[in-house]
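Protein chains in written order, with the working numbering: chain Y, 1 to 346; chain U, 347 to 692; chain D, 693 to 1038.
Simulated from the structure, these hints should not be mistaken for laboratory data. Quantities reported herein were computed from a predicted structural model and do not represent experimental measurements. Keep in mind that the hints are not guaranteed to be accurate.
As the list claims (entries may be wrong) - In the DSS-like style, the derived pairs of lysine-lysine whose C-alpha atoms are separated by at most 30 angstroms in a straight line are:
id	chain 1	residue 1	chain 2	residue 2
1	D	K991	Y	K321
2	Y	K194	U	K540
3	Y	K310	Y	K321
4	U	K645	D	K991
5	U	K667	Y	K299
6	U	K667	Y	K321
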Amino acid sequence: MPSLRLSEVAALVGGELVDDRDPLINGVSGIDEAGHGDLTFVTSRKFIAKLEKCEASGVIIGTEDEVDLPAVRVAEPYRAFAAVLVRFQAEDDRVFPRGIHSSAVVDEKAQVADDVALGPFCFVGSGAKIGSGTRLGPHVVVGPDVELGRDCRLYAHVGLREGCRVGDRVVLHLGASIGTDGFGYLPSEQGLLKIPQVGIVVLEDDVEIGAGVCIDRATTGQTRIGSGTKIDNLVQVGHNVHLGRNCALSAQCGLSGSVVVGDRVTMGGQVGISHQVEIGSDAKLGGKTGATRSLIGGKEYFGVPALEAKESFRILSALRKLPALLRRVALLESRLPDQGRKKEQE
Amino acid sequence: MPSLRLSEVAALVGGELVDDRDPLINGVSGIDEAGHGDLTFVTSRKFIAKLEKCEASGVIIGTEDEVDLPAVRVAEPYRAFAAVLVRFQAEDDRVFPRGIHSSAVVDEKAQVADDVALGPFCFVGSGAKIGSGTRLGPHVVVGPDVELGRDCRLYAHVGLREGCRVGDRVVLHLGASIGTDGFGYLPSEQGLLKIPQVGIVVLEDDVEIGAGVCIDRATTGQTRIGSGTKIDNLVQVGHNVHLGRNCALSAQCGLSGSVVVGDRVTMGGQVGISHQVEIGSDAKLGGKTGATRSLIGGKEYFGVPALEAKESFRILSALRKLPALLRRVALLESRLPDQGRKKEQE
Amino acid sequence: MPSLRLSEVAALVGGELVDDRDPLINGVSGIDEAGHGDLTFVTSRKFIAKLEKCEASGVIIGTEDEVDLPAVRVAEPYRAFAAVLVRFQAEDDRVFPRGIHSSAVVDEKAQVADDVALGPFCFVGSGAKIGSGTRLGPHVVVGPDVELGRDCRLYAHVGLREGCRVGDRVVLHLGASIGTDGFGYLPSEQGLLKIPQVGIVVLEDDVEIGAGVCIDRATTGQTRIGSGTKIDNLVQVGHNVHLGRNCALSAQCGLSGSVVVGDRVTMGGQVGISHQVEIGSDAKLGGKTGATRSLIGGKEYFGVPALEAKESFRILSALRKLPALLRRVALLESRLPDQGRKKEQE
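All chains should be built: construct the whole structure from the sequences, respecting the hints.
See the structure below:
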């Protein structure tokens, strides 16, 4: 495990060491679990009280915070803490040991850069290319004619089907499935006739794809994930979807075929988007939202079907008054002549 | 890559070549991305305008369409296009190379037809049988006593647990999990007591199962997927579910234990069906619907809990008027004597 | 296949053999599918009628039931039936053959108990420890420094990332992903900046994790699943979640980061829980519920956002009357002077 002095933390994050003490930091931890030797952080004054019973050896605080513990003062404590985390993550060489494991199978017609790491039981198919610095964990399958860029990280059990293209610095987590067939059939008298899926998936640079995610290849052309977009676990991306840049999709979202999403769109968990719907840039979709029609960018949405969040919350608040409202209307009706109610019942 | 003349396309789909030009077709593409050498298609007049700036070399059109591009005229352009796609899909021999890869492990008590293809690191357990023409990609696990029919295609990382049975021409996509334990426990003083799951999964002929799908084995007897049924990615099928023939389930649907579904049922994405619910043949469930009670066949449903779509849409439309309705009722009440409101508040 | 006399069944479950007949039992089955040689069960009087056309050779019945078939009488028929199922499940030695398969790769710095079973193509990384009696199916990946307790069962394609800790008697089903990165990013001018995820996942004793489940490692510290908790297929558990003991989460639930769940909580399918929400012990969340705020324990909840189930059902019932209510209010308004409506429209 790494360790560093709190003064080194200050230097690393460009912060100010608050007092004389310069303890040794052996770990990193949230404020509730931090123990001796740990560095922690506070992002707002309300958490400072928690520090009193916290045994951390050091803490990153905001520019106007005062604490008793040895501290580093910075403008953005969480951002600084995240920078320190980099020093405590598992070493690349431990998670993805260098070199090509003796059990890996690389087709003789594949082109693999000299410094690529391939874990046990990896398979790289004919015509595939893997760029410099890319590392694959155990059991990764790179199909024929797949192109993988530089400095990617593919965790165990990732599967990439034929012809898909992956940019640089892309991360694919455990068991992600890239390039599987789109879900397209034609009804016929013989049942559902499969529409061949002859397109590919393109993942641009700096994309990160969660564990268990499925991204379908295009029927023709490309399913495309824009650079810098991050997708959480168990998300489904249908055929011919075009996702913009720097989007963040939470776990278990589902994007139907031919959905088009702009840049910097965020989605909470379990969002669903219908076939061919377009979502404008900078839209924010709350968890479990179902977008059945296209949505203008720059706004917040919630509900099934999706409404602007403000309207949706107004309706949800009104809903709790609905059972009473029914009684209130019945009461109003009871105080007026019968004629009206009869008319309604006709 | 394959290439063919537009006249060959016409012959292939039983259509009529519209003019003298007979360009070479090297690819297939949607109208928005089609370039030189591509074949595209139009399914309705409103898309014909798009052809003006389309660089496709040929187009499949409807029987009454007129276009400037070299064209093939047919009754159903998309169906014809789908038929052409078959010619452009990756060759079977490239995706599933012939023969048994030297790294594959086949138990000596397994029975594997002579012409089966097994990719790198496949494992076939004791007592398993694999029929003629079936091909497995890399890293497929066929558990003991599994029976796989003829001409199936199993993509990388598929897992089939002990004793399950698969018909002919079945397709299992990346990482599908077949025959995992049903979720059954008995509460007891020692906690949740596992109910052994001793049944199997049966996939009938021509079934297609998406990437990441999980199908639980039956507690006793069979979990059964009827012939011709297609299941999209990341769907959960519980123990003892019986799915009929030629159903189509979109991504991320979840069917609880002992659900019974008729024939030709379609479900949008993220549908959920409660324990033991029955869904009649030809029912259509919209995306995100939650069926907590059995549903009669032949109708459309939407919402949580599921209502007939017409009623559900009526309610959703009315909902947007609810906040104003609350104000309207308050106004009505304000114009009547106090007596009524008091009564309500009691 | 095992077989036993009905009298042996009676002894096994501590029940009473009802009559002289002591048939041979070769299988177990639900009442609708049971055939000659099968044992079945009835849990309530309404199912006894079904026994008339049932060809089972024996049946487990309640203490006050009377039937024509050879029967064993017990206080809790389903519990007794479950006990018999244990005798009919596939033998451990068939599903997880003893010994270390010759194709498995175990790092020389891993510590593996003598009696561990490792299937074909398993990989055990440096520093990993596997306890006595634990069995791994084919293609399981145990990352560096992972600790696996005693008597665990890991099915094919399970992936466990570096440093995670698993207790005793834990079951991990097909393709489960344990210890994948939490979904944490900081917005910056260069796009989304990854927050390193340096924590681990801890699965306590007797935990069972379904196929395709993803459990994220903590940002710092632990994502923790309490002892005896059972998680169904395709569930997502975010970073730093703490799940209590003896919970049961149905398929496709999603728990966002830092969610805290008490003991004995049950969730239906497709439930979603927002970031940092706390769910009290003994809470029951109905299928598709979305908990956006913390929920007190011991109650039932339903809906998006989650309300107490009683209130939620009242609202849902009222909703069906909403379209008519709109008409009723319009009628009331039409019978009062215009002044009021004008006021509303201002």
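Given the hint that Y/K194 pairs with U/K540, test it: the Cα-Cα distance must not exceed 30 angstroms. Given that 30 angstroms is the threshold and the Cα spacing comes to 40 angstroms, the pair is violated.
Take a quick look at whether U/K667 and Y/K321 sit within 30 angstroms of each other, Cα to Cα. holds, 14 angstroms
Verify the proposed pairing of Y/K310 with Y/K321, using a straight-line Cα cut of 30 angstroms. holds, 18 angstroms
When you check the alpha-carbon spacing of D/K991 and Y/K321, does it fall within 30 angstroms? Satisfied, since the Cα-Cα distance of roughly 21 angstroms is no more than 30 angstroms.
Would you check the hint for U/K667 and Y/K299, treating anything up to 30 angstroms between C-alpha atoms as holding? holds, 21 angstroms
Quickly compare the C-alpha distance for U/K645 and D/K991 to 30 angstroms and report which way the hint goes. With a Cα-Cα distance of about 35 angstroms, the restraint between U/K645 and D/K991 is violated, given a limit of 30 angstroms.
Violated hints, in rising order: 2, 4; the structure is consistent with all others.
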